[in-house]
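Those protein sequence lines, which keep their order, are chains A and H. Numbering-wise (this note's numbering), the first sequence opens with residue 164 and increments by one. Numbering-wise (this note's numbering), the second sequence opens with residue 396 and increments by one.
Note that these hints are calculated values from the structure, not bench results. All residues carry an ideal CB built from backbone N, CA and C; glycine is no exception. Among the hints, erroneous ones may be present.
[Claimed, not checked] Every beta carbon over 12 angstroms from chain H, so not counted as near; a handful from chain A, in silico:
(1) Met214
(2) Glu247
(3) Asp272
(4) Leu333
(5) Glu379
(6) Asp424
(7) Ser455
[Unchecked claim] Label-pair distances were calculated between CB atoms; the ranges are:
(8) Phe611/H / Asp284/A: 41 to 47 angstroms
(9) Gln467/H / His408/A: 43 to 49 angstroms
(10) Gly508/H / Ser221/A: 43 to 49 angstroms
(11) Leu232/A / Gly508/H: 28 to 34 angstroms
(12) His408/A / Lys615/H: 46 to 52 angstroms
(13) Leu232/A / Trp428/H: 53 to 59 angstroms
(14) Ser295/A / Ile443/H: 44 to 50 angstroms
(15) Ser221/A / Leu500/H: 43 to 49 angstroms
(16) Asp284/A / Gln467/H: 24 to 30 angstroms
(17) Lys615/H / Leu289/A: 34 to 40 angstroms
(18) Asn559/H / Gly293/A: 33 to 39 angstroms
(19) His352/A / Ile451/H: 41 to 47 angstroms
(20) Thr592/H / Leu232/A: 32 to 38 angstroms
(21) Leu289/A / Ala515/H: 27 to 33 angstroms
[Unchecked claim] So the derived list for chain H, only partly shown, Cβ under 8 angstroms to chain A, looks like this:
(22) Arg465
(23) Ser601
(24) Ala604
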Amino acid sequence: MSNLALNLNNVSIHYPHFDLKNVNLKLESGSIMGLIGPNGAGKSTTIRILMGLLLPDSGDVEVLGYNMLTDADKARWDIGYASEDLRLYEKMSIGWHMQFIKDMFPKWDDTYAMDLLTKFDLKPELKIKGLSHGQRVKASLLLILARRPKLLVLDEPTTGLDPVARMETLNEMMEILRDEDRSIIFSSHNTADIEQLSDQITFIDRGHVVNSNDKESFIESWRRIRVSIPDNVNTSQLQHMVENHNNFHTDVLLTNHYSNDLMTQWKSFGIEINSIEAMTLEEIFLAEVTSSRKIVKQETVL
Amino acid sequence: MNNSIIGQLIVKDWQLNRGSLFAYMLIAAVSLWLLVLENDLAFTIGSILLITVVAIIGIHMVFISIVKERSQHTLPFIMSLPVSYRDYTIAKILSNVIVAGGAWLALLLALLGLISSVDALPNGLIPYTVLIMLHMLTIYSILIAVALVSESETITVVVMGFLNVTISIFMMGTAKLEPIYAYMEGPIAVWNATSLTILSVELGISILAIALTFYFQSKKRSYL
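Assemble the whole structure, with the sequences as input and the hints as a guide.
In structure tokens:
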């Protein structure tokens, strides 16, 4: 049996104003993947497809060994899903929801549920209607965590949370990964959350995966390099130069293939390197998206 | 098909709606009491109240258990569980049939009991009463189908308005049919070709509405 928690292969779906194109994603069991993308990039569509809530026009979707096009209901015994647009029943209490899920899932862990109630400062008798946004998110998380799912699929789990609730949510997600067979895929606008938690990062923009790799590779391969370029050198000659910003007397070049060899090669053109700076994940994300859009634009022109 | 999951979804719908349903049944009991007062005004009010309550129970169930589940975003919560869309469709139809259909059946039996036991109400009314109640069941089946298939609050409201208009048209139309009205005041219930044809057509439409619901649901590609 494959050791992949999820495997999306060439998944596409067409809408009148949006296309998700040839999405390929793989996540090893025990890993955590962060999906980053701007609004409307296709993060939620991808997540709905991998949950089997949306059937793609083409491609294969396998989660925990199940074909999600035909057996999504079976797979969902071991998947916990929370999304920004998921709501609990307003007029019912947290306790009612806990009982509802407990009756359905034999693996429901009462002790862990009580522990989470205390940790999240929730009370079973509280009705959903009276809860704040943060409390609702925590109640949803409690309901999926106490089921002890093998895979957590979270669509924007920290959006709209105050710093304390955000920290509690992230801490609990990290706690889950102590069990090495459990995996998480989550989307977020917040690159700090993704950077803090993820082993693997996938950048998604305008319906296609811009890049997907492990976090360390992104951090190690991207650099911002301040250089002085002689007048006779055309930067387009420079290998792996992704972006070039001219800043008065200094040029700022971005590369996604940083290495000492690459620097030596650039120097051979007469370029003087003034400084080499590491980039934050947010900067890497923006550079990835910008460069991807440029490539798409060039391809469209051609 | 997962029977245990379907059962849990039905129980969930019952728990979410039982408070309102008890209130409706109380109003239905009052309307039945008005029917036996042997007073023309009380009988008229009781009949209208009873028909209204039966219609409201159906509408309530369709809106709270189907339409609102989508508009209030509790559907993603349910569909995140090990529920197939077939399980979901079966659970919704069954919970509506059991809850609203149960209320409908209880009221139908109560009405038939009243007509049979109260001297002022001739037994000849039985076919007409059954046909009206069956018409309500038919429009209810159509409403469930429209709510599940269209996934639209607006479409469901428009169709509901149209279907409700058909109740008075149906009541007036059938009451004007000679093979129906000729026996309404009679001492015995007469089931003739006309009443049995109407009954069969109404039942056929109900079954077709439910069958088409399963067909269209199976063709869907988005379950949210």
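Exercise. Under the criterion of a CB-CB separation shorter than 8 angstroms, is Arg465/H in contact with chain A as hinted?
Worked result: This hint is violated: Arg465/H lies away from chain A, its Cβ roughly 11 angstroms from the closest one there, beyond 8 angstroms.
Exercise. With a cut-off of 8 angstroms, does the beta carbon of Ala604/H approach a beta carbon of chain A closely enough for the hint to hold?
Worked result: violated, 25 angstroms
Problem set entry | Assessment of proposed distance window 44 to 50 angstroms (beta carbons of Ser295/A, Ile443/H) | Holds - the Cβ-Cβ distance for Ser295/A and Ile443/H, about 45 angstroms, lies within 44 to 50 angstroms.
For this session: Mind verifying the non-interface call on Ser455/A? Its CB should be farther than 12 angstroms from each CB in chain H.
Result: Check passes; 27 angstroms lies beyond 12 angstroms.
Exercise. Measuring from beta carbon to beta carbon, are Gln467/H and His408/A in 43 to 49 angstroms?
Worked result: holds, 48 angstroms
Exercise. Does the Cβ pair Asn559/H, Gly293/A satisfy 33 to 39 angstroms?
Worked result: With a Cβ separation near 35 angstroms, Asn559/H and Gly293/A satisfy 33 to 39 angstroms, so the hint holds.
Exercise. Non-interface claim for Asp272/A: all C-beta distances to chain H beyond 12 angstroms?
Worked result: With a cut-off of 12 angstroms, Asp272/A remains clear of chain H, as the shortest Cβ separation is near 17 angstroms.
For this session: Indicate whether the distance between the beta carbons of Leu289/A and Ala515/H respects the range 27 to 33 angstroms.
Result: Violated, since Leu289/A and Ala515/H (Cβ atoms, about 54 angstroms apart) do not stay within the stated range.
Exercise. If you check the beta carbons of Gly508/H and Ser221/A, does the distance land in 43 to 49 angstroms?
Worked result: Given range 43 to 49 angstroms: violated, Cβ gap about 60 angstroms.
Exercise. Between Leu232/A and Gly508/H, does the C-beta distance stay in 28 to 34 angstroms?
Worked result: Given range 28 to 34 angstroms: violated, Cβ gap about 52 angstroms.
Exercise. In terms of Cβ atoms, is chain H entirely out of 12 angstroms range of Met214/A?
Worked result: violated, 7 angstroms
For this session: Compute the least Cβ-Cβ separation between Leu333/A and chain H, then decide whether it is above 12 angstroms.
Result: At about 21 angstroms from chain H, Leu333/A clears the 12 angstroms cut-off, so the statement holds.
The structure shown violates the earlier hints numbered 1, 2, 10, 11, 20, 21, 22, 23, 24.
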